[in-house]
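Those protein sequence lines, which keep their order, are chains E and V. The first sequence begins at 1 in the working numbering and counts up one residue at a time. The second sequence begins at 1 in the working numbering and counts up one residue at a time.
Be a bit skeptical, because a hint or two may be false.
To give a feel for the contact side, a few chain E residues facing chain V, derived at Cβ under 10 Å [what the hints assert, rightly or not]:
1. V73
2. L75
3. L83
4. A84
5. D90
6. F93
7. T95
8. W98
9. A104
10. G107
11. G110
Have a look at the derived ranges for each label pair, beta carbon to beta carbon [as the list claims (entries may be wrong)]:
12. E:T9 <-> V:L102: 45 to 53 Å
13. V:P385 <-> E:I87: 23 to 31 Å
14. V:Y405 <-> E:D90: 26 to 34 Å
15. E:D90 <-> V:K397: 41 to 49 Å
16. E:G68 <-> V:N64: 29 to 37 Å
17. E:L41 <-> V:T165: 22 to 30 Å
Where chain E lies over chain V, by a calculated footprint (3+ residues, C-beta under 8 Å) [unchecked claim]:
18. 20 to 29
19. 95 to 106
Simulated from the structure, these hints should not be mistaken for lab results. Glycine residues also receive a C-beta, built at the ideal position from the N, C-alpha and C atoms.
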Amino acid sequence: MRTTIILKTASNYLLPVLLVFSIFILLRGHYLPGGGFVGGLIASIAFILHSFANGLEKTKELLIVHPGFLLPVGLAISFMAGLAPVIFFDMPFMTGLWSHDTVAILGSVGSALFFDIGVYLVVNGVTLTIIFTISESA
Amino acid sequence: MTQQLILYPLFLQMAISIILMFGWSRIRFQKIFSIFGSTLSVILAIVLFNYIWQNGTQTIQAGNWEAPFGITFVADSLAATLVLLTAISGLAVSIFSAGSVLRDRLRFGYFPIFHFLLLGLNGAFLTGDIFNLYVWFEIIIISSFVLITIGGEKAQLEGAVKYFTLNILASMIFLTAIAVLYGITGSLNMADLAGQVAAVENRGLVQITAVLFLIGFGIKAGVFPLYFWLPASYHTPPFAVSAIFGGLLTKVGVYALIRVFTLIFVNEPFLNNIIMVIAILTLVSGGIGALVQNNMRKVFSYLIICHIGYMIAGIGMFTEIAIAGAIFYLIHDIIVKTNLFMLSGVVYRITGTNSMRDLGGIYAKYPKISLLLFIPLFSLVGIPPLSGFWPKINLIKAGFFGENYITVAAIIFASFITLVIIAKMWAEVFWKDAKEMPERKYFGYYHKMTNLKRSQFIVPVAMLSIVSLYIGFGAEHIQELSARIADELVNSEGYIEAVLKTKN
């Protein structure tokens, strides 16, 4: 695939910017529009753009692990976030646990954040797996 | 911790599939772990069932939000029984999959998806929130799409398209019905809805909503005019997949019908009449459909439809004894139908075909296996001590009490037609002289298998046959259980109180 130098140069800058933006969206998602799903999509757009500009192989090197591996990891994180109140406090599944002290930048941290991080990883993994599979077979 | 017990089956299935996903390409590990996990889930389901049996209906509010605002999970006797049956069928099919599903399919995540399907089934049985029920249905159908298409053979994809189209349609109708119901009442909690719907003055609107639910669940259950996707798709995927589909997927539709029409839309003679007519037509058309088929799995597919009619008839008559019959039939049917599809898998491995015209002589070659396969086949017919016989007594009795003579006639007709079909199958497949079949070169015939592999075919069939025999010979226990479930369903105050905690 022939790509222009403009796209190539832009993608090098866009990749980190989009990734940071996706994390921003992930973190603001509890009360405001955003969250793990949208964040995950934006993060996968970053990688897809990179693969368009630099080829699939380069993106795979960048990712280190196969994106399919993100599925069980993300699922496990989300599941654990739901399971934590059951294991530690004997409260029903998915009860929100919140820390008393606020953390700098993030504000108060709760189990919902970890649930969202799991969703973020799963969405990212699924999207990249689908896109990579399609572009490999094309 | 004990109150959380009702969610443990869900946790377990979720954990199993996550762990299986970590071992995506390690097939041996997946086989062993899936069987191990399914065994655990049977044990857990027995513990749960025992707990519910002793302590009555249990509820839990997910996320600790009060009912009717949060999502409630409810385990009454019906849900606990179905979770137990799912676990038993799940274990059998898990063992059967380890032996029968091809390596190329297992490499693409067969087992993780299989456990997601079981997760969805358990969730659908345990949830007390109608929108959450929809979400579990989605999990079930998405997993089943993967299972039905995995491998990507042409016939498989053709069946999958039909399956996909009608099931998505059913989900959309179900979702529309939920939206209308929410518009009328402003609630999604089923126990809360029971009270709210009864108070609605515009009965016409309620009846239309109920009919929407009937259509949505009816497509999934495979009742009379809406069943065409079922025989068109169930004979295409691997045998293990058709076993779990045949045993459990249509039954989720029946479960949803039972739940909705005993809890939310009750005392509507209009609806009961519609359901009765549908039941009669389902019994007759499914039976006649099965009569003309040649492929064993297609015969069983039509018999699924035919026998769904029994359960729907039980709901339609809506007396305690009729519902007890429907529940008893449901218990018997889940085990037997799962077993029948595995049976057709065993026959396929012995001979290399499922076409009844070409089959024959299995009794001469494998008398012991034939006798084993005799049990599920004739349990289905209901030759007296076997399991299919007892629920029909309840249903026929209920039919006479309610003076629904046409229903009784349809039930008896369907029983006879099942007898004819199964007797014909027995004669064609097992007794008839064997035809010379050309040996297929790359086919894993039963006589070429190792003993371990053989046991993976025979053990699950034997296991479910034993359960079937227990349902037949221990009918007294099952009858007691069904009567208790029917009592809980007809007198739904107990369920509502357990969810809304109105009585403390």
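Using 10 Å as the Cβ threshold, decide whether V73 of chain E counts as touching chain V.
Check passed: Cβ of V73 of chain E comes within 8 Å of chain V, closer than 10 Å.
Outcome of range test on Cβ distance (D90 of chain E, K397 of chain V; 41 to 49 Å):
holds, 47 Å
Proposed interface contact between W98 of chain E and chain V, which counts if any beta carbon pair is under 10 Å:
violated, 12 Å
Status of the hint placing A104 of chain E at chain V (closest C-beta pair under 10 Å)
violated, 28 Å
Between T9 of chain E and L102 of chain V, does the beta-carbon spacing fit 45 to 53 Å?
holds, 48 Å
Under 10 Å is the threshold here; is the Cβ of F93 of chain E close enough to any Cβ of chain V for the hint to stand?
holds, 5 Å
Under 10 Å is the threshold here; is the Cβ of D90 of chain E close enough to any Cβ of chain V for the hint to stand?
holds, 6 Å
Counting residues of the segment 95 to 106 of chain V that have a beta-carbon nearer than 8 Å to any beta-carbon of chain E, does the count reach 3?
violated (count 0)
Identify whether the interface hint at A84 of chain E stands, where standing means a beta carbon of chain V within less than 10 Å of its own.
Violated. Min distance 12 Å.
Should the hint that G68 of chain E and N64 of chain V are 29 to 37 Å apart at their CB atoms be regarded as holding?
holds, 34 Å
Using 10 Å as the Cβ threshold, decide whether L75 of chain E counts as touching chain V.
Constraint on L75 of chain E satisfied, holds at 5 Å.
Do the numbers back the hint for G110 of chain E, that is, is its least Cβ distance to chain V under 10 Å?
Because about 12 Å separates G110 of chain E from the closest Cβ in chain V, which is outside the 10 Å limit, the hint is violated.
Of the hints listed earlier, those the structure fails to meet are numbers 4, 8, 9, 10, 11, 13, 14, 19, in rising order.
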